[in-house]
Amino acid sequence: MESLLKKIKLDADQKTDAVRRASAEEERRILEEAETEAQAEAKRAIDAAGKRAELESARIASSASLEAKKSLAACRDAILEKWIADAAGKLDELRSEKQYRKSLAALVNRAVSEIPSQSIIIEAAKEDEREIRAIAGKRKNVSVKATPSIKAGAIVRAGDGSIEIDATFERLLETRKPAIKKGLSALLEAEK
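Under numbering that gives the first Met the number 0, the first residue of the sequence shown is numbered 0, with each subsequent residue one higher.
Because the hints were derived from the structure by calculation, they are not lab data. Backbone N, C-alpha and C fix where the C-beta goes; we use that ideal spot for every residue, glycine too. Keep in mind that a hint or two might mislead.
Stated by the list, open to error - Quick list of in silico lysine to any residue cross-link-like pairs, SDA-like style, CA-CA up to 20 angstroms:
| # | residue 1 | residue 2 |
| --- | --- | --- |
| 1 | 97 | 148 |
| 2 | 89 | 148 |
| 3 | 89 | 61 |
Stated by the list, open to error - Estimated spans, in silico, between C-beta atoms of each pair:
| # | residue 1 | residue 2 | range |
| --- | --- | --- | --- |
| 4 | 115 | 144 | 35 to 43 angstroms |
| 5 | 53 | 181 | 19 to 27 angstroms |
| 6 | 56 | 77 | 29 to 37 angstroms |
| 7 | 44 | 178 | 55 to 63 angstroms |
| 8 | 47 | 19 | 39 to 47 angstroms |
| 9 | 34 | 13 | 29 to 37 angstroms |
| 10 | 70 | 41 | 38 to 46 angstroms |
| 11 | 77 | 138 | 37 to 45 angstroms |
| 12 | 81 | 112 | 57 to 65 angstroms |
| 13 | 144 | 92 | 39 to 47 angstroms |
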C-alpha cells in the first residue's frame, strides 16, 4: 500500500511539475507576447508622435516661408512705390525735354477730342500753361487757365461741367502703376 501511495504521490508530483512547467511556459509566452505588443504599441506611438512633429514642423516652416514671402513682397512694393514717387517728383526736370512736350500734347489733344462740347475749359499746371495754350492753338471754344493744385498736365472739361477728363501725369502714373510696377519688378528680378 505504501508503494501504491508513493506511486500516486510520485505520479501527482510529476503531474504537478508538468502543470507548473506548462504554467511557467504559458506565463513566459504571455509575457513575451505582452512585451512584443508593448514594444509595437510604443513604436506606433513614437511613429505617430514623429509624424505629428514632422507635420507641425512642416506647417511652421510653411507659415514662416509665407510670412517671409509676404514681407519680401511688402518691401518690394515699398521700393516700387518709392521709385514711382521719385519719378513723379522728377516731372519738373523733364518739362524741358521734347518727349515731355509730345506726351503732354498727346494727353491734352486726346482729352479735347473726346469732349463733344461747344466750349472746353483746360485747367493746366502753372508750369505747363504756356505749352497747353500753344497746344490749344487758335481754337475759339477752348480756354486755358493755370491751377496751382495740378502738378503736371491738365484737367479738360466741358464748359457745362458734364464731362471731365483727367489728363494729368499724376493720374497717368496712377492708372499705369500696375504695368509700371510689373516692369520695375522685372528689373529687380534681373538684378538678383
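Ascending list of hint numbers which this structure does not respect: Violated: hints 1, 3, 4, 5, 12, 13.
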